Amino acid sequence: MTDQNPPEGLVSVPHLLARNVQLYGNKPAYREKEFGIWQSWTWAETADEVEALALGLLDLGVNVGDHVAVIGRNRPALYWSMVAVQSVGAVPVPLYQDAVVEEMTYVLENCGARFAIAGDQEQVDKIIEAQETVHGIDHVIYYDTRGMRKYDHSEITSFTDIQNEGRAAKARLSKELNTRRDALGYDDTCVMLYTSGTTGRPKGVVLSNRNVIETSKNSSEFDHLSAGEETLAYLPMAWVGDFIFSIGQAYWSAFCVNCPESAETMNADLREIGPTYFFAPPAIFEGHLTQVMIRMEDASRFKRWMFSYFMEHAKTVGPRLLDGKPVGFKDRMLHRIGKYMVYGPLKNRLGMSRVRVGYTAGEAIGPELFDFYRSLGINLKQLYGQTEATVFITQQPDGEVRSDTVGVPSPGVELKIADNGEVFYRSPGTFVEYYQNPESTASTKDPEGWVATGDAGFIEETSGHLRIIDRIKDVSKMADGSMFAPKYIENKLKFYPNILEAVVFGASRDRCTAFINIDLTAVGNWAERNNIAYSSYQELSQHPQVLDTVLAHVNAVNESVSQDEMLAACQIHRFLVLHKELDADDGEMTRTRKVRRAVIAEKFNDLIDALYDGSDTIYTETEVTYEDGRKGKIKATLDIRDATVIAKTQVAA
Amino acid sequence: MLYREAGDFKTTYVADNQTFPLKLDRIGFWVTMAVAWLVIPFVINDYWASSLLVPFLIYAIAAIGLNILTGYCGQVSLGTGGFMAVGAYACYKLMTSFPDVNIMIHIVLAGGITAMVGAAFGLPSLRIKGFYLAVATLAAQFFLVWLFNKVSWFYNYSASGQISAPERLVAGVAVTGPSTPAWAQYLICLFFVTVCAIIARNLTRGTLGRSWMAIRDMDIAAEIIGVNPLKAKLTAFAVSSFFVGIAGALFFAVYLGAVEVGEAFGIQKSFLVLFMIIIGGLGSIFGSFAGAAFLVLLPVALKWIGVDVMGWPTDLVAHFQLVIVGALIMFFLIKEPHGLAQLWRLAKEKLRLWPFPH
Amino acid sequence: MNEAVMDKNAPYVTEDGRQIGGVMMDLRDITLRFGGVEAIKAISFDIREGEIRAIIGPNGAGKSSMLNVISGFYKPQEGEVYFRGQKRPPMKPYQVARQGVARTFQNIALFQGMSVLDNVMTGRMGHIKSNMLAQAIWAGKAQREENENREAVERIIDFLEIQAIRKTPVGRLPYGLKKRVELARALAAEPDLLLLDEPMAGMNVEEKEDMSRFILDVNDEFGTTIALIEHDMGVVMDLSDRVVVMDYGRKIGDGTPDEVRNNQEVIDAYLGVAHD
Amino acid sequence: MSADFLYGIEVVINGLMAGVLYALVALGFVLIYKASGIFNYAQGVMALFSALTLAGIMSGQVPFAHLINAIFGTDIHYFGWNVPVLAAIILTLIVMVIFAWCVQRFVFRHLVGQEPIILFMATIGLAYFLEGVGDLMWGSDIKTLNVGLPQGGSRFVEDATAGLGGDDFFGFFIDKLDMVATVVAIILVAGLIAFSQYTKQGRAMRAVADDHQAALSVGISLNFIWVLVWSLAGLVALVAGIMWGAKSGVQFSLSLIALKALPVLMLGGFTSIPGAIVGGLIIGVGEKLFEYLIGAPYLGGATENWFAYVLALLFLVFRPQGLFGERIIERV
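Same order as they appear, the protein sequences are chains Z, R, E and S. Residues in the first sequence are numbered from 1 upward in steps of one, following our numbering. Residues in the second sequence are numbered from 1 upward in steps of one, following our numbering. Residues in the third sequence are numbered from 1 upward in steps of one, following our numbering. Residues in the fourth sequence are numbered from 1 upward in steps of one, following our numbering.
Read the hints as simulated data drawn from the structure, not as lab findings. Heads up, some of the hints might be wrong.
Stated by the list, open to error - Once the Cα atoms are required to be at most 16 Å apart in a straight line, the calculated EDC-like pairs of lysine to aspartate or glutamate come out as:
no.: 1; chain 1: R; residue 1: 335; chain 2: S; residue 2: 115
no.: 2; chain 1: R; residue 1: 10; chain 2: E; residue 2: 259
no.: 3; chain 1: R; residue 1: 150; chain 2: S; residue 2: 304
no.: 4; chain 1: Z; residue 1: 150; chain 2: E; residue 2: 221
no.: 5; chain 1: E; residue 1: 167; chain 2: R; residue 2: 349
no.: 6; chain 1: R; residue 1: 129; chain 2: S; residue 2: 115
no.: 7; chain 1: R; residue 1: 10; chain 2: Z; residue 2: 34
no.: 8; chain 1: R; residue 1: 350; chain 2: Z; residue 2: 34
Said to hold, decoys possible - Okay, the calculated bits of chain Z under chain R, using three or more residues with CB under 8 Å as the criterion:
no.: 9; region: 301 to 308
no.: 10; region: 459 to 467
Computed from a predicted structure; not experimentally measured. We put the CB at the ideal spot given by N, CA and C, even for glycine.
Can you build the whole structure from these sequences, using the hints too?
Here it is, written out as structure tokens:
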């Protein structure tokens, strides 16, 4: 553990808040689109909202070290809640708002939260339901009063009431509050975040003030984040990324966090705000791109021509310009025109005109996708990180951006690659421990503080950039002993807009096979244009033409995989298109949309067998969970297709 | 394509319902104002003033007026000419009876008087709807014209039956009478246009405007949800006539200088202004300007093409003008009932969505 | 007799926690004729503070006419309307509206030429005090009032979850949303009595569920008294505290859903009525 | 009987005759309005146009002569022949039918289902258009139209009635033309009513007027009906045009006179043929009497210009649906 002292006595988020009030008192700290306009709060206003709540919490009897669950969509009030909780020496535990009751029950129980701050009635209901099994919760605070009137308010209170009580009790409690705030230490717990573990139950990752503040400081300096930045907070508050972007860095650099009005106005709000610092997982960028392409399909011939022409040109010139490499005069001029005709307007529509620093992470991002945004002139970069590292492990410096690497070690981070190819790191951001789980803590973090990422990768000698192949546990051997890296293949497949998800099997088998999920937006739109009628996802997924298209993609992937001798064996011999979308509610994916390979393999074993026993159709029944929690069965007969495999060239590895 | 909206967000309601929510439009507006106020006055000459700019500005005011009544409140009026006449004669009487009072005040008062007359003729609108009312307003048209013809008190018993504007000064410069400089004519009209447009905009985007539009779109429902139809319709008639009256006053005092009611404010005038708002766009201030500009420009352009270029006799060109105007009216009603304003709106929408089609 | 009157007005609380107060609107022997036709024949019933009151009956039973009488659009030839204990003098519909009676319409009556926001804003007509001159200058009082109204309206928009379509012209909206916007417009008036004329006509199950939820929420959040006409028996039985049944302009039943359901005359009237 | 009174009677009679003409034009409106819901402002201009055409054809004028000359620098004006009245009238009728077809085909077919007020404004546009075309075809100079109708006061009536009053009364002065006009108008009105009552097309017309959908469902072609009514309106316009043209020359003001039919309709109601007739008579008599008793002596005359409108306006305020129009029951 590196032993730096806190920069000028800023040992905790509340301290940062206090500093921001002094330096940027009248600058906006939070905005939320509500009642048709962007309601704004300056740092000063934020401070006393937080203080009022903190006092209220004291009044409510929150003790130092208590865990306070925070659940709801991104709203300033909930961010204040976290800071307020910290101010009174307690620990905020943000939870995923879309978690179903069981998940929430587990987490509440695990962290033993005494208090919960919920966004609205929906969340309150879940907490109440959870309390049938967990009895730790003393008091629930809700923000949106809608529909809450009829609840028994003995153990439930509205956010504003708490604040009012707090304000009322100021004289009485402010002294206590100050002492608690001053008592906060650099190595005290800042926040506890639950990792949506790809396997097994989520674990509570304990992050200290040191972790958060050091990381925020370093990463902010790395990208020269200033008080002028605008961000849009729309990713789950329970996710470490949002905590660092919307609280850590936001408080360190004192920039403004904007919260959208609602899920369906998200894109419009993004457009209005035009963030300068923007993070999104590849899925979102992919969604945008798909939308762009679909909408361009309906455009006039001229526009389509213009679009493709300039996008082509941008692919060659755009990234070079971004990286400050020299560009010929003619190209420069063409790019100007393009900027005026296409790039500019497009960025404007996407709400990314002002993006100065954009990041994506979590999944490998397709080169086409990545280049599309880069060539528009959006400074989109990749970073590699995880909750245990307080996000940052490696990130790409301006001017050294590529789609196939995840960049150089972030400031203060040391890397080492184990013999089996696993990536280890050590940094000021390295987490303290897994809450009440010493053994997994030990298994992940050795005494010197080296943390295993669980990813296999290597460092390019030429550039010093880190390249990730796959999850280490997913990289395995096939029957003939050759390397099997499913994720690698899956990503290649997923780079096709038509393919939403793919799961490749082949560990200790003689050949590879795959499940495919088609992308309903893209394929559905294609079906519409070729007026192919379909009543359900299932029906569309089994449509012969769809299967042909997918087959073409698979063949293409095989083609490219066959080039790489290390992975040539991973070519897909047979595949089928799943009759349902892989879904977190069915436990097939994590909340962050990572496939749970084991779960799937077990759940669809009949299909896997079919893939290997050579039959060309298979009948199956699958249990599904509907949005309202009801369960049901869907039955389907799936076609299985054979893909063309390029014969493995004779090589000695 | 031209628009960059990212980052142009609103944090107050005032900002949110400003007239030009888009930055580019705001810029465009101020540029236009600057040119209109700071450039044109110095370059304008008699020809441009008398054949284009001044009539355009005056008709724009009239069109705004009629648009409030017809476009916003849905009450079609064919009496515009008559009401302009009221404005003109009111102004004339005021000018001649109180020579020392500033002409500007006279013009505004003329508007006020017209407003009252307008409201009076608006009363039937409470019982009569649609084209019944339209025809009813013809009564105003014919009656008023006849009145100013027959009752010689209105034209101070002049032998010719004409009224002619004596010279009046504003800030030491003649704005009426034969010796008025072009730029003075232009500026005084521009002043009134600006004020009228702003007032109209404020009224139409506010409560009153909403009550008008409610009446227009569905009068019964409007009344049931709490719109007072009497108030809505009468205010519409009054405000509309106020503007029309001012236009009439300017038309007589500043533009023509001397008028004979029959030909200056005949039913043709009513139709001209009605056409302006149909072509320009019902229910749109911008449309009022567009329509006025279009119908002021059209004859000039036709004359130029027909007479100067093709060398045709003027009457022939005049006939063509009738045909074209008539055809245009039908065309717009069929293809684009919301006129040039709507075309403009669509174009803008396209630019905002660029490169997407929708 | 006296007792009867007393408990008639005695406040009580429904099982789902709804506060029912005294009589708000009392209709006495209302008779309405069009030319020779009697649309409503000597009907009397009352609507109590805070309750959800349903008016049901086959097509042409005179339900809508009844609503039109309440909202002052039709003037009954006989009978009186008592509002808050006062006999209502003959008044124009907009005056009734300003007394705190808002309504929606059977076939949507939105203002096609205006945006959702403007439509809902028209609901605030009753709350305008500033005069024309102030509005013309668009400053001071008028401006303040405009903003206050906007805020009030935005809360309704938020409440009915139509933020996403705030600035869309109503013409472009699908049917279900139009209905919701109309409800928003009525709510914007902050009425004491809300009249809903077939709020769920032509909706699919999902939309009906939403609408029912909104109606209950309105009654719950704002304590608004609601009188609604509806054909969907299920909905009526779920929502309403008391039901009036009309047939051919006569009242053939009045009471709690259960009482009405078991009323023989009602059953007869409904036999063979297609839509129910 | 006193002379004044008798002169009063004379005024009334003249009024009645004028009224018949108003009624005639009004009929044109009613026909179109009933069948298509269009309130045809252009009716007046149609009268003007038809009169122009008739005059032009009779005098063997070359259509669009000005235009042709202007373009080709030629100098043609007349074919140099005169077309006999009857042939000319028939030709004019053909022109009017073609016109009717064009109007239907190019304008109103595209406006089906629009609000009445839009249709109304469209007809105003049509009026302009037609006026322009008329001028282009035949030039805008005032033409005399003589279809051989008797002119001047009727000696016969004058002599016959001279005896009624004292020696300062010289009998009714009644224009022969007006008498003819009246007769023709009455015949035409009767004819139209007969047409709409007893002919297949007539019944179809009424069916359409009552209920478009129903009419369609029984296989009546709306298009045909609309062309038909526009043609009939053309015919009516022609007759009116001839009368007025013969009376006061063919000029623009003619279209304004025809406008008088509007107030007539507002009195009579847009949908009722008898209404149109009665309204016409009321207006005719009303304005003449008003002018005779009040206008000329006290108001400086020329009150005919507005009397009709103001009368109609006042009337409407108390009975919005007109004399015979059905009562409107508003619903929501």
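Hints versus structure:
no.	hint	result
1	R:335 with S:115	15 Å, holds
2	R:10 with E:259	55 Å, violated
3	R:150 with S:304	13 Å, holds
4	Z:150 with E:221	10 Å, holds
5	E:167 with R:349	14 Å, holds
6	R:129 with S:115	12 Å, holds
7	R:10 with Z:34	11 Å, holds
8	R:350 with Z:34	28 Å, violated
9	301 to 308	holds (count 3)
10	459 to 467	violated (count 0)
Checked against the numbered hints listed earlier, the structure breaks hints 2, 8, 10; every other hint is satisfied.
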